[in-house]
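Can you make the complete structure from the sequences, with help from the hints?
In short: position in the sequence shown from 1, add 460, done, that's this note's numbering.
Everything labelled a hint here was simulated from the structure, so no lab data went into it.
You may find that some hints are simply not true.
[Said to hold, decoys possible] Between beta-carbon pairs, the in silico distance windows are:
1) A1050 to P715: 36 to 44 Å
2) A748 to H975: 57 to 65 Å
3) D691 to A486: 52 to 60 Å
4) V737 to Y589: 37 to 45 Å
5) L772 to A515: 33 to 41 Å
6) P611 to P715: 37 to 45 Å
7) W793 to D1131: 47 to 55 Å
8) A812 to A479: 19 to 27 Å
[Said to hold, decoys possible] Keeping only pairs whose Cα atoms sit at most 16 Å apart, straight-line, the calculated EDC-like set for lysine to aspartate or glutamate is:
9) K850 to E780
10) K570 to D770
11) K711 to E849
12) K850 to E970
13) K711 to E854
14) K711 to D952
All C-beta atoms in this analysis are idealised placements derived from N, C-alpha and C, irrespective of residue type, glycine included.
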Amino acid sequence: MSELKVSAQPVVGPRRTSARAYLQRAAMVLVGAARVLVTEVHAHLRLDPFLAVIAVVFLIAFLPVVGRATDTPQMLRCCIVDEPPLSMALDGMRVMPYGDPFNFILALAKGQTLPGYWGDINYAGVGYYYGGVYVGLGFLVYGPLQALGFPPFPTAPVILRVLSELAGLVSLIIIYNFARRHIGRIGAVVAVLLLLTDSFFIYYSTIVHPDMTQLALALLALAVATRHAEDGGVESLLALGLLSGAVQGTKLGGPWLVPMAALAVWFGVRRYRASTVRLLARLVGRGAVLCLTALVAYAVTTPYAFVSPDFLRMTTRVVEIHTSNMLVTTTAWTWLARLWAHFGPAIMILAAVGVAIVALSALFGRVRRGLVLAVILGASQLLWYSLNEKLWVELGYMLVAFAVIALLSGEAVEFARRLAARAGPAGRAAGVISATVVPAAIVAAGWWTTAEYALFDRLLATNTAFQIGRWAAVGNIPPAARILIDNTAYFDPRQFPSAYMRGDLLTYNELYRYHPDYIVLSSDIYDAAHFAELRRTQHYTMQNEGPMSLRLYQDLLRTDRPGPSPVPGIDYVRAFSANAEDPPMDCPAAAVLLSDYRPWLGGDAPERLSAMSLRLFGANPAGRWIAGRLTGQAVAINMAGRLIDEIRGRLCASTGATLRVYRVNQPGAPDGFSEPIASSSWRGLSPLDAFDGAPSHWMPSPDDPAEHP
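Written out as structure tokens, the structure is:
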């Protein structure tokens, strides 16, 4: 018996020691991964005087207006369609099951009720395909504030907007420090200024939307991928996997992150000297570890994707919509053409030169891993959207590609400066001049973009979306009237309980279904690029509409004269426009009207500067180019001055989209709006199905001889 005990001892002991050692090793690796993340965050969030100035300007410009139009869900819905559903998702996370953004999104579809302050707002049929990172971070603040008694509005949207703005600022800081390490200080300055003056970057930094959070995480993933490419460590591999899962959990960003992550793993594996077979085996093993870590991170950030079919079902529906040409024909060339038009030839050529520099450097043996990974990351996102997004072209989806374009432009400028410095004192002087002129030119070309957002967001009182509601409330529209709105208009639900915003196109079938007394059409809808194209090319008829029909807009927009419209039974009442002659209501006593206002530089300043430029430089291409730039600066300064004077109460003028108000005369009256006549129907088979142009049908009663659907 004693021999048995002695012989058993060597078997059990080493197994226990091995298991303990394995757990210790795993814990050390996880701690190491956390240390990598902390180190890279610290390295890429450093501030220098330039960044400090950028941060102060950014926060002063946008942080004070995070509370704009957030008093109620209906007010929030007036201006940006993505903000209410995301706010609803955050608000719903405070009820059982805690943390699920579908609690309120799908409440009505599941026969549940929403809190009364949401009114008739319903997003059950719209879908929610974002992951849990953005709203999850918001819930870390929103949950405790709710427990302390803070109201859902404005608390929820303000938290999400602050998160977007902080993510935008963090993205600027990361891109600067990354560029400073891999390119140089001037290249870093160029990259930051290009982003800070980009309209899509500013837009997504100032609204409730996950794209800016995704950009910050993707840029941090780029930094960690670069580290792994340089050290090949398991710790940096796990850190990259965690960030990859978080990017996927923000807004389905995993697919376009795969090529960069795979290349980083390959760079890391090649640091080990081994046979080809062993390298490939290590590559497969490291790739599996990366994928598993990313999957775990995704499951932690978006758990409801694994415990409920709701997320998969709604995501599938959204993907089906976005991968079909429902609006206009969209191809990869459409995306590339829009991208070229957005940045302009100068920036796109600079970026192309930057790609060539990185490629040639690698070809001749100097592989700059950070920039190579950046090129792959930007190209992957560009290809992902240009090949798969068919619904429309929304360049703001490609913020990572934007950041890479900014990086590569900075690389081209920095390379030119270094090259000039080799040419002696004259070359060094030219390099210094270019390092000053290029950033100054970027600021001159783009300052108005940043200023426009900052100033317009401070002028909601004069925005047409709110003017129309104030005008209606003083007796111009009866309180009991049924008002149907396509987008971008706010009617106080306490005064107009029957006002309903679709957030989408209005069609004749919507008029037949809702029976409105008034309808409001917004230029944000009918002048959007994809809808404007459909207005030009569609040929539906009034009672034979098809998907995405703009027949109603084609008919009603044919006249600007108040009175009977081209559609019998619908009268054009008036428009609210930034260029309207009649001023907004409630103008300050000291304010002058737009007709009496003198711009800061004078109304003729653009013409004067253009003429002066042509006299000085001649009517040659260079002279005309300079004249065009000076004219643009004069227009921008005058416009900025106008907005500042409006903010200060010195000018009374309107801002915002054009809103057109129409009165729908009741059917049956001599001048009434005609509607199709049909008898009753089976449940779910409306008579309108006979007129929608879709593959649906109507049966008047169960006695219809056709087979029951």
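Quick rundown of the hints versus the structure:
no., hint, in the structure
1, A1050 to P715: 36 to 44 Å, "violated (57 Å)"
2, A748 to H975: 57 to 65 Å, "holds (60 Å)"
3, D691 to A486: 52 to 60 Å, "violated (19 Å)"
4, V737 to Y589: 37 to 45 Å, "holds (42 Å)"
5, L772 to A515: 33 to 41 Å, "holds (40 Å)"
6, P611 to P715: 37 to 45 Å, "holds (39 Å)"
7, W793 to D1131: 47 to 55 Å, "holds (49 Å)"
8, A812 to A479: 19 to 27 Å, "violated (55 Å)"
9, K850 to E780, "holds (10 Å)"
10, K570 to D770, "holds (11 Å)"
11, K711 to E849, "holds (14 Å)"
12, K850 to E970, "violated (26 Å)"
13, K711 to E854, "holds (15 Å)"
14, K711 to D952, "violated (33 Å)"
When held up to the earlier numbered hints, the structure conflicts with 1, 3, 8, 12 and 14 and fits the remainder.
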